[in-house]
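Place chain B on chain A using the hints.
First to last, the sequence lines map onto chains A and B.
Be aware that the first sequence starts at 1, since it is given in the numbering used here, and climbs by one per residue.
Be aware that the second sequence starts at 1, since it is given in the numbering used here, and climbs by one per residue.
Just to be clear, a hint being listed does not mean it is correct.
What the hints assert, rightly or not - With a straight-line cut-off of 27 Å between C-alpha atoms, the simulated DSS-like cross-links for lysine-lysine are: (1) Lys139/B - Lys150/B; (2) Lys48/A - Lys12/A; (3) Lys128/B - Lys3/A; (4) Lys42/B - Lys60/A; (5) Lys28/B - Lys139/B; (6) Lys137/A - Lys12/A; (7) Lys3/A - Lys354/A; (8) Lys60/A - Lys48/A; (9) Lys128/B - Lys354/A.
No lab work stands behind these hints: they were computed from the structure.
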Amino acid sequence: MKKHVLDEVDPKTLGARLQEARKVRGLTQQAVADEMNMARTTLVAIEKGERRVAPEELIKLASFYGRSVSDFVGRQSLTLGFVPQFRAAWHQEFSEDEELNVIADELHRLAEDYLELERLCEVPMSQIYPPPYDFSKSSPEQAAEEVAGAERNRLGIGDGPITNLRERLETDVGIRIFYFAMQPKISGVFAFNDILGGCIGINSAHPRDRRNWSLAHEYGHFLSNRYQAEITFLTERKRQSVAERFADAFAENFLMPASGLNRRFTEMHRASAAGSITLAQICTLADLYKVSVQASVIRLEKLRRLPIGTWDGLETKGFRPRRAQQLLGIEANPSEEQLLPQRYLNLAVMAYEKELLSEGQLAKMLRADRVSTRALIEQVLHQFNEPMETGYQTFELDMTQSLAGR
Amino acid sequence: MAITDSQIIDACVLINLLATGEIAGILKSASLTSLICAVVEKETIYLRTGDPQNPQELVQISPLIETGLLTICQPEGPDEETLYVDYASVLDDGEAMTLAIAVSRGLVLVTDERKARRLFVQDVGEPKRLIASSEILRKWTEVQNVPSEKIREVLLGIESRARYRPPQDDPNFDWWVKSSQ
Chain A
1 MKKHVLDEVD
11 PKTLGARLQE
21 ARKVRGLTQQ
31 AVADEMNMAR
41 TTLVAIEKGE
51 RRVAPEELIK
61 LASFYGRSVS
71 DFVGRQSLTL
81 GFVPQFRAAW
91 HQEFSEDEEL
101 NVIADELHRL
111 AEDYLELERL
121 CEVPMSQIYP
131 PPYDFSKSSP
141 EQAAEEVAGA
151 ERNRLGIGDG
161 PITNLRERLE
171 TDVGIRIFYF
181 AMQPKISGVF
191 AFNDILGGCI
201 GINSAHPRDR
211 RNWSLAHEYG
221 HFLSNRYQAE
231 ITFLTERKRQ
241 SVAERFADAF
251 AENFLMPASG
261 LNRRFTEMHR
271 ASAAGSITLA
281 QICTLADLYK
291 VSVQASVIRL
301 EKLRRLPIGT
311 WDGLETKGFR
321 PRRAQQLLGI
331 EANPSEEQLL
341 PQRYLNLAVM
351 AYEKELLSEG
361 QLAKMLRADR
371 VSTRALIEQV
381 LHQFNEPMET
391 GYQTFELDMT
401 QSLAGR
Chain B
1 MAITDSQIID
11 ACVLINLLAT
21 GEIAGILKSA
31 SLTSLICAVV
41 EKETIYLRTG
51 DPQNPQELVQ
61 ISPLIETGLL
71 TICQPEGPDE
81 ETLYVDYASV
91 LDDGEAMTLA
101 IAVSRGLVLV
111 TDERKARRLF
121 VQDVGEPKRL
131 IASSEILRKW
141 TEVQNVPSEK
151 IREVLLGIES
161 RARYRPPQDD
171 PNFDWWVKSS
181 Q
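The following block holds chain A by itself, in its conformation from the complex (with noise of 0.2 Å):
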């Protein structure tokens, strides 16, 4: 190779990474500095982008931090990590730093790859972002249902369920979504920077239906504050901030929208054999809507359809959603969602099919091991499948070939 990269790399932007990295660890400068044998001021030199990282002190230092030398230079497009954004918002809500710095820059490494992918497949995502909505006039909740419906309509989406938030929020709006395990106790983060764009974490240890939720929710900071960083708990929290109703109001508009849900439960209840609507029925509405039982619940008592304390009632009575669901043939927790979009996925073989990434690479990109990134090239490049008198004919396809039309 002729030139060096560490010649070439801007010093700054390398010295925040590193410097990122240390925190991502829980480790001082200090302690840094007396492992790697240097002064602690040379330490702050390097991430400061003062003096240039040395090879060997490169080696060394994403060893000690865990990482890969191809984590600080590998990527043609380096952007300063959420980290920052999160510790400001959130730090006091951890009792280890260590534990939020984890979520924060697996967020970004994510979102950062797939930029990353884009950029090697000349193939950058469509960003169709709302304006700003103006909530200063309204109450949160108020605010939320305006804002949900104007969504739905902007998005082309009617009243009905959502059956693929996912993909619609991928595909329509250009946000970065993943699923990956968090702490038990978040449900789901979100952050945004000029570069990377919007970008959503869901925790994949969660069920369907709280992850689906967590999504909604998250997709309404984005369109209330894109620029602050948010961390969604599991647990209600006792004194919700303004942004909170307000992400809460929306995920039940958005997934719930009062027209179409009216409708469809005036119509199970005309179809009620037993006169008055009945808990399966809510059970499958909820299912039909990719929410939780209690979600479903608690927004008909909020639309005057349910009795206030329909839910409370069934708690202490000992209902249990999971078991009502499983009598009636329902599976609306399927376990596992997809931790990568799979426009990711595409373009990470595309680029591996054209050279741009060599076998490693992918793996890493993927999140996977090397035999399990071989089978799934093969997934993607066979998922095309031709229909035959015979049974299904797969043929190859050739990702690097041009699409274009005339």
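Just chain B now, with coordinates in the frame of chain A:
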């Protein structure tokens, strides 16, 4: 630069060799000493088992290191470290370290990785110092007179356990297809 008596094996080929179940014999029959770099040594390697209940098997390479069939190496000195960091800007760490050491020390590079092979030829210009999985396997079958049934078992083992088959432009592609039928 003269060809040395050592070859450095990248993770992509190591996985294939492990999937044969015959890696010790293959390495013993090679005329070159086999090295792997420190990053590849730390890589976690899984192979497919074919068992839906337990689809992956974690493979340990420590016995191969303990018996001296594989030797661990890492960049030494500022030049190799610089080369490693430079390659890490276009490859993953294991591939970058493997390539940097192969280039710097004039070793034979054993890899199927197309991007790494392209960089090697571009920077070194000695394609004869490049070996692929298919070549190392074919040589083993010829040197050891491996029976055709065994060859078939080994190649099918790689295809199913490591999900690898050489590309059509591999010089040994026809041999592979014919031998695995």
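Results for each hint:
no.	hint	in the structure
1	Lys139/B - Lys150/B	holds (14 Å)
2	Lys48/A - Lys12/A	holds (6 Å)
3	Lys128/B - Lys3/A	holds (25 Å)
4	Lys42/B - Lys60/A	holds (16 Å)
5	Lys28/B - Lys139/B	holds (12 Å)
6	Lys137/A - Lys12/A	violated (43 Å)
7	Lys3/A - Lys354/A	holds (23 Å)
8	Lys60/A - Lys48/A	holds (18 Å)
9	Lys128/B - Lys354/A	holds (24 Å)
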